[in-house]
Amino acid sequence: MIQLESVGFVYDGQEGPALDGVSFASGPGRLVCATGAECSGKTTLFRLLNGTAPRVFPGTFSGSIRVDGSDPTERGHAEIGAIITSVFDDPDSQIISLTVEEEVAFALVQRGLEFDEIARRVSDALARVGLAGFERRHTASLSGGQKQRLVMASAVALRPRILLVDEGTSALDPEGARRFFSIVDDMRARDGTTAVVIERDLDLMLEFADEILVFARGRLAFRGSPAEACQKPSLLRDAGLRLPAWLELADELRERGLLEGSLPSSEAEAVAAIGELVPAGAAR
Amino acid sequence: MIRVDRLSASVRKTPILRDLSFSVKPGEFVALVGPNGAGKTTLLKHLNGLMKPTAGTVSVCGLDTKRARTSELARRVGFLFQNPDQQILCATVREEIAFGLRHCGIPRAEWDGRIAEAAARADLSAKLDADPLMLTRSRRQRVALASVLATDPEVLVLDEPTSAQDEAETTRVMELARGLARRGKAVVLVSHDMDLVARYADRALVLVSGKLEADCAPAELFSDAGLLARAMLSAPPIVRLARALGLDLPASGGERALLVRSLADQVAALARREAV
Chain L
1 MIQLESVGFV
11 YDGQEGPALD
21 GVSFASGPGR
31 LVCATGAECS
41 GKTTLFRLLN
51 GTAPRVFPGT
61 FSGSIRVDGS
71 DPTERGHAEI
81 GAIITSVFDD
91 PDSQIISLTV
101 EEEVAFALVQ
111 RGLEFDEIAR
121 RVSDALARVG
131 LAGFERRHTA
141 SLSGGQKQRL
151 VMASAVALRP
161 RILLVDEGTS
171 ALDPEGARRF
181 FSIVDDMRAR
191 DGTTAVVIER
201 DLDLMLEFAD
211 EILVFARGRL
221 AFRGSPAEAC
231 QKPSLLRDAG
241 LRLPAWLELA
251 DELRERGLLE
261 GSLPSSEAEA
271 VAAIGELVPA
281 GAAR
Chain B
1 MIRVDRLSAS
11 VRKTPILRDL
21 SFSVKPGEFV
31 ALVGPNGAGK
41 TTLLKHLNGL
51 MKPTAGTVSV
61 CGLDTKRART
71 SELARRVGFL
81 FQNPDQQILC
91 ATVREEIAFG
101 LRHCGIPRAE
111 WDGRIAEAAA
121 RADLSAKLDA
131 DPLMLTRSRR
141 QRVALASVLA
151 TDPEVLVLDE
161 PTSAQDEAET
171 TRVMELARGL
181 ARRGKAVVLV
191 SHDMDLVARY
201 ADRALVLVSG
211 KLEADCAPAE
221 LFSDAGLLAR
231 AMLSAPPIVR
241 LARALGLDLP
251 ASGGERALLV
261 RSLADQVAAL
271 ARREAV
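If you read the protein sequences in the order shown, they are chains L and B. Be aware that the first sequence starts at 1, since it is given in this note's numbering, and climbs by one per residue. Be aware that the second sequence starts at 1, since it is given in this note's numbering, and climbs by one per residue.
Extracted from the complex, chain L is given alone in its bound form:
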């Protein structure tokens, strides 16, 4: 459970707030995607949730933030680590072990789990991310996409109550990015993990998110379901996002008065709605 009320943050040495008046809540099994242009506040949100701001990134915090019942800005690293697992854009910055199975086991050993339990969780996690059979492989020999799946396997094995991801797909190919989101999706469905994912790929967010948060200049400019987000194409463009081609076309057709009602929220809906306008064309 994550709850933010009127959260603000000003980094030391900076004038304006990095976050200002941000409120939202999310519960178990929900996947929230946070997005926005550069310096919109999304990474600051991430840092507040995992307690690295203000501890590592000093600054002044205001408002109230509860992660699993207590304030992460006041908790110790170990306490936070027991609840929250963070995944970053660069897997090389997170992988520390020589082999794949050692990597997944590492955090479990730190937690003091029994050997049998560790072995079970390692093989279960590797299977869930599609790395079964890679147990003895050297981590350095993996491709970028495989490394990021390994990082996710470590997260899966921990069964965290809260999963935070900061642009975890930015170095992946489209197939790898979808696979990454499927793993997150699986964690919320099977383990009831509350996931907050910073992302820039709108297609993925529309497909997987329960809720989308759009940040602009430190404030929450939009909060709603993917279908609701699709009704705000200009806001999404202003947030530095690339709109899916189908949404661009539907928006253009609505501007021209050819498409009525609300904008579609998936490619299939868009093709159906536009296809009705051009039965001759679609039949070609």
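Simulated from the structure, these hints should not be mistaken for laboratory data. Keep in mind that the hints are not guaranteed to be accurate.
These stretches of chain L come out as covered by chain B in the derived footprint (C-beta under 8 Å, 3 or more residues) [claimed, not checked]:
1) 37-50
2) 85-96
3) 139-151
4) 172-182
5) 241-249
6) 268-276
Taking beta-carbon pairs under 7 Å as the criterion, some of the chain L residues facing chain B (in silico) [to be verified]:
7) Glu252
8) Leu253
9) Leu258
C-beta: ideal position from N, C-alpha, C; glycine also.
On the provided structure of chain L, position chain B as indicated by the hints.
Chain B in isolation, oriented as in the chain L frame:
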């Protein structure tokens, strides 16, 4: 400018690249595409001598990379790594850009001008005195780009240069690369973003499991369903949308906004015909 002849490469005896041949001329903008793990990054590392061929030859600006010193190659080949943190070394953005200038032997008198120009092109003029590692990933990626631009290399190798950029910065970076190609530089881009490949590249080199599966125009790649499947690639979303709706896209490609308008024009025309 780049000539790769029967290149094979192995890492710890595992073959990564198998018998590749292609060349890139001055002024060409070439995209190297393929799934994660196809060997794209390994191939790029052969273009600036970071890796030497196991078999075959690679020559860049007339230098055989097997014999040329890495420093000689570095002067001619600007290399942007996918992960900017692998190439940022200095305490300020200004020093970071100067680092490349010093090591490429650029006369001191030119530094200030070159630093200012490169920073402006990478949208970093206000950040010259910042610590690069305190900047966002998006800006760090542009710091690495500015450092490469400042040395004015003959060949630009860009490994996912826009992976951390938002839409506006992506366009800025790509337009910059296109401008350099028009001024006679050879540009080799690795990207998973097929919209960018369609819009900017003159040619696509398709790499699958270390083999050159195709060397063709992007439009040709995106209309070959079998090739796309083998390379685990998809046509750009707008191409798939046009096909799903039975509409045509201008063969010349172009800005996304233009393509969207072209599709909307066709829908409007068909809707009018339907109404009659």
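A quick look at each hint next to the structure:
1. 37-50: holds (count 4)
2. 85-96: Since three or more residues must qualify, the claim that chain B covers the segment 85-96 of chain L holds, with 4 doing so at under 8 Å.
3. 139-151: holds (count 5)
4. 172-182: holds (count 5)
5. 241-249: Answer holds; 7 residues pass the 8 Å Cβ test.
6. 268-276: Coverage by chain B holds for the segment 268-276 of chain L (4 residues, Cβ < 8 Å).
7. Glu252: Interface hint status for Glu252(L): holds (4 Å vs cutoff 7 Å).
8. Leu253: holds, 6 Å
9. Leu258: holds, 6 Å
Going down the numbered hints, you'll see the structure goes against none, and every one checks out.
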